[in-house]
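**Student:** Here the protein sequences line up with chains A and B, keeping their order.
Heads up: the first sequence begins at 220 in my numbering, then just goes up one per residue.
Heads up: the second sequence begins at 220 in my numbering, then just goes up one per residue.
Hints in this document: simulated from the structure, not taken from any laboratory.
Here the structure is a predicted model, which is why all the values come from computation and not from measurement.
Any given hint might turn out to be false.
[Unchecked claim] Below, a list of computed lysine-lysine pairs in the DSSO-like style, where the Cα atoms sit at most 30 Å apart:
(1) B/Lys288 / A/Lys356
(2) A/Lys288 / B/Lys306
(3) B/Lys305 / A/Lys288
(4) A/Lys356 / A/Lys288
Number of protein chains: 2
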Amino acid sequence: MGFWKNLFSGNDSSVSDQRSKFRSVSNSIHNSVPNCDGEILFSSDRDLDLYELEELCDSVGWSRRPIRKVRIAIEHSFVVVTMWHKKGSFKRLIGFARATSDHAFNATVWDVVVHPEFQGRGLGKELMREVIYLLRKEDISNISLFADGHVVTFYQQLGFSPDPEGIKGMFWYPPS
Amino acid sequence: MGFWKNLFSGNDSSVSDQRSKFRSVSNSIHNSVPNCDGEILFSSDRDLDLYELEELCDSVGWSRRPIRKVRIAIEHSFVVVTMWHKKGSFKRLIGFARATSDHAFNATVWDVVVHPEFQGRGLGKELMREVIYLLRKEDISNISLFADGHVVTFYQQLGFSPDPEGIKGMFWYPPS
Numbered sequence: 220m221g222f223w224k225n226l227f228s229g230n231d232s233s234v235s236d237q238r239s240k241f242r243s244v245s246n247s248i249h250n251s252v253p254n255c256d257g258e259i260l261f262s263s264d265r266d267l268d269l270y271e272l273e274e275l276c277d278s279v280g281w282s283r284r285p286i287r288k289v290r291i292a293i294e295h296s297f298v299v300v301t302m303w304h305k306k307g308s309f310k311r312l313i314g315f316a317r318a319t320s321d322h323a324f325n326a327t328v329w330d331v332v333v334h335p336e337f338q339g340r341g342l343g344k345e346l347m348r349e350v351i352y353l354l355r356k357e358d359i360s361n362i363s364l365f366a367d368g369h370v371v372t373f374y375q376q377l378g379f380s381p382d383p384e385g386i387k388g389m390f391w392y393p394p395s
Numbered sequence: 220m221g222f223w224k225n226l227f228s229g230n231d232s233s234v235s236d237q238r239s240k241f242r243s244v245s246n247s248i249h250n251s252v253p254n255c256d257g258e259i260l261f262s263s264d265r266d267l268d269l270y271e272l273e274e275l276c277d278s279v280g281w282s283r284r285p286i287r288k289v290r291i292a293i294e295h296s297f298v299v300v301t302m303w304h305k306k307g308s309f310k311r312l313i314g315f316a317r318a319t320s321d322h323a324f325n326a327t328v329w330d331v332v333v334h335p336e337f338q339g340r341g342l343g344k345e346l347m348r349e350v351i352y353l354l355r356k357e358d359i360s361n362i363s364l365f366a367d368g369h370v371v372t373f374y375q376q377l378g379f380s381p382d383p384e385g386i387k388g389m390f391w392y393p394p395s
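From just these sequences and the hints, can you work out the full model?
**Tutor:** Written out as structure tokens, the structure reads:
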């Protein structure tokens, strides 16, 4: 089973072109990452080891979620991007992001995570650029997310605006 | 084709129970709406006339969107709720809302609209309560939306909080 197997699933007509474009993005990232022995690769293959994903989420202190529900969430995400550190024949999951969508107008990005050992090298931005690239390629015009206060600046640097035109992100809480 | 045909599609084991529960919600709304000759009904059947939906969106001044893309968006929404004014054998679409989701954790509500002739009677709240009810029934714990400034109070009355714990809603704009 190839690593890039499902990279552009559902768009068979130009898989090879897009695959090579995607690879070249990865190469440029690899070149720009200091102190990184090996390669940084991206994939949109969602056939990943969910225990490895859990380990990644543990590394940034996220609460554990049932693997069964994580599997459903990934299946029903419109875009999934994983980031890998590859060294020789060994590869390790070091980043993840996904987006839900109506496949037409809106997409919302969830679960953006980069392993602490690989933070501070611009990899989170490259991960998000891959998400944006894939969503724009599918003609999604409205990309949104909900950002914790301490990462608002990070997303602003990528072109996201907080509360544009007074629009407020809101969450529902069950009546207590 | 019955009006309530797809009301609880995908959950065949207890359709009749849930259908009657849903109907009784509609009845209670009908009773509480002043100056409304006829009945107010809700449905989660997404097999609706998209030109009638366009007319509804026109009535509140929304920009027109390609019908082809609206169809895709509705197909790929997790929950769709329509609100109807029924009088004799005539029924008219007077409200709409939908939510995208990963079917596990998160849902985001989009395109909430009530026809101006039926605003100010509590029907928008009932429409949103139907959306929340359906999402909670599917065990979605995280319900979010992006609210224009002038409807933030409306959503607060339904239990939505703006920027909870400093979380910011953000939108991406293409570089100009």
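**Student:** Decide, hint by hint, whether the structure agrees.
**Tutor:** Hints, verified against the model:
1. B/Lys288 / A/Lys356: This hinted pair holds, its Cα atoms lying about 15 Å apart.
2. A/Lys288 / B/Lys306: violated, 43 Å
3. B/Lys305 / A/Lys288: violated, 39 Å
4. A/Lys356 / A/Lys288: holds, 28 Å
Checked against the numbered hints above, the structure breaks hints 2, 3 and satisfies the rest.
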